[in-house]
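A.B. asks: Read off the chains here:
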Amino acid sequence: MNCKDFENTIHELVSRRLAGTTKQLEALEHAGHCLWCALRLDEETRLTEKLQAFAGALQLQRAPARVEEELLRAFRERNAAESAALLGIGGKRLRQGLRWGLAFAATVAAAWIMIFLWPHFHSGASDHPDRAANRRPPAASEPSRTNLAPVTRAAGPARAALKGATPQAAYAWTLERTALGESASELPADFISLGTCDDYLCMDEATLVRVSLPAEALLAFGLGTGNDYSPEGSVQADVVLGSDGVPFAIRFVD
Amino acid sequence: MMQAGDEDAFTALYRRRQGGIYRFVLEMSGSAPLAEDVTQEVFMALIRDNLGFDPARGSLAAYMFGMARHHALRFLKRDKTYVSIPQTWDGSGGGVELAPADDPQSALSRRETIHSVRQAILSLPEHYREAVVLCDLNEMSYEDTASVLGCSVGTVRSRLHRGRALLVQKLGVKVETGNEAVNPSRCLA
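Going down the list, the protein sequences come from chains B and Z.
Each number in the working numbering comes from the position in the first sequence (counting from 1) with 41 added on.
Each number in the working numbering comes from the position in the second sequence (counting from 1) with 125 added on.
These are computed hints drawn from the structure, not numbers from a lab.
Even glycine gets a Cβ: it sits at the ideal position worked out from N, Cα and C.
Warning: the hint list may mix true and false statements.
[Unchecked claim] Rough simulated footprint, nothing fancy, chain Z against chain B, three-plus residues with beta-carbon under 8 Å: (1) 101-112; (2) 115-123; (3) 252-262.
Start from the sequences and build out the full structure, keeping to the hints where you can.
C.D. replies: Put into structure tokens, the structure is as follows:
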């Protein structure tokens with residue numbers, strides 16, 4: 042090591058940054074035989090001692106406690122502000138979510154009403170004359186409140202008379218009369234209510250069935266008093282059955 | 126943890142680092158009020174800016190000392206009077222307590238030494254003063270000092286060498302041989 046190298050490493054040497062290294066040994070060896078570098082080392086060592094004394098004197102220096110208090114207060118305020126901001130964003134999102142949720146629920150409810158409840162409301166509302174007018178026009182073969190004769194007292198015997206009926210065909214309520222096998226010569230009478238259904242609520246699911254009944258069944262409805270009545274014969278009748286098989290109305294076909 | 130709002134983590138960080146930062150500014154400026162202001166400002170910046178510290182660019186200490194330096198220089202440029210308040214940290218009742226000494230004479234000697242060193246440091250040009258304060262008084266590595274000052278390690282060493290040379294002259298520690306016969310020549314080749 043020459044004097045230039047020594048000068049370059051002198052600060053590291055006096056600040057003990059070279060402690061335990063070969064460079065330290067080389068530097069000290071150089072100072073041992075170079076008077077100039079030995080003097081420089083002495084200068085730097087004395088300066089370092091003064092600086093270290095100065096640094097040591099200030100070692101206890103700290104910021105006053107009020108600084109920590111101020112900072113902690115600021116830290117808490119900032120955290121509170123951040124929490125409030127997060128809560129605000131969360132609340133806004135929650136409100137938006139609730140709005141969308143309510144809208145979705147309302148849509149589902151409306152759809153459910155349309156699908157499941159509307160037919161009942163619709164049929165129930167048919168009692169209203171205007172709504173009844175808007176409903177499908179009753180076919181000539183359809184029973185209506187007007188042509189369902191109030192023969193409730195005859196309903197019991199009539200149902201009993203229907204017990205022996207044999208279904209000839211079952212058709213949907215909306216079938217045309219010709220689909221029931223009615224011929225042009227047939228003269229259907231009005232439907233006679235059997236007293237098991239007083240409104241259209243039970244008629245919506247009804248089925249019209251052509252049956253063949255003993256002629257004496259006419260007697261149960263106060264019919265069959267004509268001259269052409271023969272108790273041994275049979276008569277054709279259209280019976281309106283509910284979805285549960287309960288007959289609602291009947292009409293006899295001549 | 127501090128970023129997550131952990132008050133204990135922030136308190137621990139403050140208590141670990143505030144002394145060094147406070148002393149750095151005190152040594153740089155000679156003003157305890159400025160050191161207090163800058164220390165508070167550095168940690169307030171940490172609170173405000175969510176600790177925008179990048180470990181790839183240096184140590185946390187270097188980052189915080191860099192902020193302290195920035196704030197200190199800004200204060201010093203704005204108000205030069207900060208440097209000219211010697212009574213605030215010379216141990217003569219300015220609110221700064223120095224480490225205790227064993228006897229009155231050594232205490233006096235020590236006080237004189239401290240006063241002279243303080244004056245010598247404050248008289249250094251700013252860029253030399255920074256290097257001396259960080260490397261010698263705060264025992265910071267050349268690399269961290271370079272990170273704080275935003276310069277190369279070579280520049281730090283150069284500034285430190287020049288700053289110390291000025292301190293040697295100012296503090297009178299230069300060895301006078303007193304004998305012209307002793308005229309050592311250096312082997313700088």
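A.B. asks: Next step is simple, just say for each hint if it's right about the structure.
C.D. replies: Hint check:
Coverage of a stretch by a chain is defined here by at least three residues with a beta carbon nearer than 8 Å to that chain's beta carbons; for the stretch 101-112 of chain B and chain Z the count is 9, and the condition holds. Counting residues of the stretch 115-123 of chain B whose CB lies closer than 8 Å to any CB of chain Z gives 6, so the stated coverage by that chain holds, three being the minimum. Proximity of the stretch 252-262 of chain B to chain Z, defined as three or more residues with a beta carbon under 8 Å from a beta carbon of that chain, is not established by the 0 residues found.
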